[in-house]
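Using the sequences plus the hints, can you model the full thing?
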Amino acid sequence: MRTVLTIGRNLAVLGYVLFALFPLYWLLKIAVTPDRLIYTEGTALWPTTFTFDNFRTVIFYSDFMVFFSNSVIVSLCSAALATLIAAAAGYSFSRFRFRGKSIIVVLMLVTQMFPLLMIITPIYKIVATLGLLNTLTSLIVVYTAFNIPFATFLMQSFFDGIPKDLDEAAMMDGCTRLQALRKVILPLTLPGLAATLGFVFTAAWSELLFALMLINSNDSMTFPVGLLTFVSKFSVDWGQMMAAGVLALLPSCLFFVFIQRYLVQGLTAGAVKG
Amino acid sequence: MNTAVTPAVATPGSRRSWRAVLRTAAEPWLYLSPALIFIMLVMLVPLVIGISYAFQAISLMNPLESGWVGLANFEALYEDRKFWKSLKNTAYWTIASVFFQFFLGLGLALLLNHGFYGRRLVQALVFLPWAVPTFLSALTWAWLFNPVIGPLPHWLAAIGILSEPYNILSDPNIAIWGPIVANIWFGIPFFAITLLAALQSIPHDLYEAAAIDGASAWQGFIKITLPFLAPMIAITVMLRAIWVANFADLIFVMTGGGPANSTQIISTYIFTTAFRKLDFGYASAIAVVLLVLLLIYAAVLLRLRQSLRLVN
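Protein sequences, first through last, are from chains Y and V. Numbering-wise (this note's numbering), the first sequence opens with residue 856 and increments by one. Numbering-wise (this note's numbering), the second sequence opens with residue 945 and increments by one.
Only pairs whose alpha carbons sit at most 27 Å apart, straight line, appear in this in silico DSSO-like list of lysine-lysine:
1. LYS1026/V / LYS1221/V
2. LYS1088/Y / LYS1221/V
3. LYS1221/V / LYS1032/V
4. LYS1019/Y / LYS956/Y
5. LYS884/Y / LYS1088/Y
6. LYS1019/Y / LYS1038/Y
7. LYS1221/V / LYS1029/V
8. LYS980/Y / LYS1026/V
9. LYS980/Y / LYS1221/V
I should point out that these hints are in silico values taken from the structure, not numbers from a laboratory. The structure presented is a predicted model; accordingly, all values stated were derived computationally and were not measured.
Put into structure tokens, the structure is as follows:
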């Protein structure tokens, strides 16, 4: 009975692992299948020969590097801005008690609940009026704002993990609050800052709908928009599309490997939002 | 300002302390202000403007016919069969997705909580879909369902679900299951992560005590695990349902709402109306209806929570 149970359990685990990995394996498989073989063995489980031609074409002979660098710029700037702003706000939530705090907390929670698509038309109009359509700036500002509430709660939970005695002791010793923050608290929250940075980066990296709305010139497309446009234009270049897909996957996977160990403990603090 | 409030007889010392009080009161707001400014300007102001759009005719296709139209957008919405269909699809999509995400996520969390050789590696692998950008999950699954380069139609035909290997995303009767499967794949890790964290917070002695009293593993699950998990389950399922109902990316990329609107949900309908038809007034009217529905949902939830508390 016991062994049956163990075997059943292992099979179930195996099932989950296969389900999770199969689509990614397939992406990689088609990306390395030579073009001439796609139609004959497109659905075979294993390619008979493989090639990196698709990656070469995508990297050197297409617009994807432009999309890639646009996405890196947008994601990095949004992540840096949002983390900085959220760190200040999270610090305020963690260290002060003040009138109106609960209202602000509720306000931030509400922004997490209402459908962001509600504001896609006014945002478009405002951005158009400011003459910022087709600029990366508009995306950076929008993504920063969207991610501030979640990042603030995340940063607050990291600050809460640092005993208040530490800043009080530093202020006792003659530091101002800002000095205490800079010299004592911030070094201790570096992992928290890094995690927040990563979360905003990945969120900005994968955002599609606002980028579609606000950007339509090739030069300022981010990766998701570029890939989708490519798909609807050249929907037979399977190998290249999937090679581009693998490239889009890289930054998120790097970040994932990095936060893996915090995942269960650290994420629950703000896990309500996916 | 300060001097006007401070009594004329006050010593300089007390005046300074007044300032200190003011400074202490302002300090938390100082740290909060950049966040508040961003949220105000990029989210709340557009929200109000967006609601006002619902009562106007704003279409970039015919910019001349713009202006206030009262409830005309909502009247058109009431007559719109596409809208009612997408409302029904939203319910179907949300319930089916959350149902499978939750039960498969719970199963995974229980397996991972058990502990076995190589657990850390397995955990990293099964949580990986969560890290995949949504547009890429959508494209990958769309490709998997494509009979030219994807194996799924052939497998489904082999086990008799499909009569021949064709793309289910182009069959109006079952197309919605394409995005639902992708959503399940993408959402299992979320439930597994939150439920695993909750499972790990259950004190171990409870199970030991139950085992000494002769309880079976199943009894332990029903009497200890479930009651402990219940609050976490209720909160995550309800919030997740909102999130999934609003989640347009997968459907938009995989089917664009088609074929024949069979996969159109409210949020994709908003997006396609704004993005393809550039009819901002009508898109905003749909969005306002969605907002009202969500508010009702939230109110019902709060009510339920209160009455549950009373029972307990």
